[in-house]
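Undergrad: Sequence:
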Amino acid sequence: MTKISRSLRALLLGLACACSSSDPALAPRTPQMLPSGSEAVLPREQATANPSGTRHVGFAGMMDRPVTSFGAASMSGHLYVLGGYVGVPHRYSKEYQLDRFARLDLKTQRWAELPSVGPSQSATLTAFDGRLYRVGGLRIDNVEGQDMHLTSVADVDVYDPSSGRWAPTTPLPAPRSSHGAALIGSKLYVVGGWTMSGGMDSGDFAATLLEADLAQHPLQWREIEVPFKSRALGVGALGGRLVAVGGMVGRAARDSVFVYDPRSETWSEGPQFPEKAFGVGVASIGGRLVASGASGTVRQLNPEAGQWEELGRLTFPRIFHQLAPTDDGRVLFVGGIPPAIGGDRIGHIESLDETKPDRVRSWTLPALSSAKNRQGTFLHGNQLYVFGGNNALGQHDFAEENFVSQAAKLDIGSMKWTALPDFPRRRQSMQTLVTGDGRGVALGGFGREDGALTTQSEMFEFDFEKGQWQLLDGLPEARTQFGLTEYGDRLWVFGGLNFDDSKKGAEQFVH
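The sequence shown lines up with residues 20 to 530 when you count with this note's numbering.
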């Protein structure tokens, strides 16, 4: 049987319950229609305790604008997000580079716009002594349709929340982007990255580690040689040492870990990361180092055992995200983009909090289809496809106009709806399945054909890449309300009903 991500089952179960209720009092309200591609507002949210407490990753809020390649830091009960990119990855133009600086109040869940420091991407943001330090980053010079021209910057700026102002400070010795940064005491270390001046192949890898004491003003940067080159890596501190995780050189993602000891000014190799770590997120909190990569597994480094230990799993695996430790002992997993099957940037802010058990959350948001029940669904990666169904509130209201052919998909990571080509028939109660090789199948169902209310035998396949339906050979006889699964290389159908309104009495129903 096709596996469904356990982290999304709660959402699907909620849909199944809403679609199959026989009590009109429990029927969903008439949905509000959203324009294609618009962002959904999440007006209501519930959290339910899971007494098992076996996994400690929950939800801490939603980004008001999901983003990748940005800076993030937490300070005094707030999450700060700096810049980033919202366009197609690796097709850069300045229209999609953000010059935004925003703050989320973690208690009230309200976002506030703050003074901008200019367009920024791939910069680091570090909190120290009540201030935020923005280091380096990337500026996009071309507009859409022009040849790409990307420029790394050496800028270092300081934001003071008490005054609400940015102030420049000592720049880096050379421009740098796609780097990592971490604090050890009052000293800030900048690791990895490259200098770009042109297209995607113009990057010149940084060959030095940079050190500056944030307690001293003006800043003075010291350069230290490094035994590796990498970009899009994760950097943190553990036991007074600096730890650099993964990244990429050329087109090769790395799983290597390098450790720098500032006392002896020496480098050593650390325990290999258990997966390729391109766009990995790393953070230091409570005397330990936490990381998450493309698999969504959250791990901590155990230096005594010389290995990485699993702490839990993210609901939404992501890369090019940020980990932000909070004052109350949590780690926030912010932003990023799904590493597989595609999908929008992820808006859910997840939280690693070992003081609380798991929580299952639900959201209420407007729908894009008018169907209220019996629609078909596919879950493909972070994409929930909804099609067909019935838009009436009554249990057996089968007027021809009540059958729906509308189709839409919800990107669960970003909570955005997109309209899709209609399902080929106005029909309800199709059985659906995503096959092991990634095809969407909708089989059978119930609707009107030439005015008659009848069960159907047709089978339709949905191509997720092309967004198109195709009619295939169907069942040897019509069925609805049956079981459907995949085993081996075959689909299996169990039970069901063949109903034909053109016949009389008991002959209408064939089980």
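Some hints could be false.
Stated by the list, open to error - With a straight-line cut-off of 25 Å between C-alpha atoms, the simulated DMTMM-like cross-links for lysine to aspartate or glutamate are: (1) LYS113 x ASP232; (2) LYS295 x ASP456; (3) LYS206 x ASP232; (4) LYS248 x ASP220; (5) LYS523 x GLU484; (6) LYS523 x GLU420; (7) LYS206 x ASP148; (8) LYS522 x ASP456; (9) LYS485 x GLU420; (10) LYS522 x GLU477; (11) LYS295 x ASP347; (12) LYS126 x ASP347; (13) LYS113 x ASP176; (14) LYS295 x ASP232; (15) LYS113 x ASP148; (16) LYS485 x GLU526; (17) LYS206 x ASP179.
If you're looking for bench data, these hints aren't it; they were derived computationally from the structure.
Undergrad: The structure should be examined with respect to each hint, and the outcome stated for every one.
TA: Taking the hints in turn, this is what the structure says about them:
no.	hint	in the structure
1	LYS113 x ASP232	violated, 33 Å
2	LYS295 x ASP456	holds, 24 Å
3	LYS206 x ASP232	holds, 4 Å
4	LYS248 x ASP220	holds, 15 Å
5	LYS523 x GLU484	violated, 44 Å
6	LYS523 x GLU420	holds, 24 Å
7	LYS206 x ASP148	holds, 12 Å
8	LYS522 x ASP456	violated, 40 Å
9	LYS485 x GLU420	violated, 29 Å
10	LYS522 x GLU477	holds, 20 Å
11	LYS295 x ASP347	violated, 31 Å
12	LYS126 x ASP347	holds, 12 Å
13	LYS113 x ASP176	holds, 21 Å
14	LYS295 x ASP232	violated, 32 Å
15	LYS113 x ASP148	violated, 33 Å
16	LYS485 x GLU526	violated, 42 Å
17	LYS206 x ASP179	holds, 18 Å
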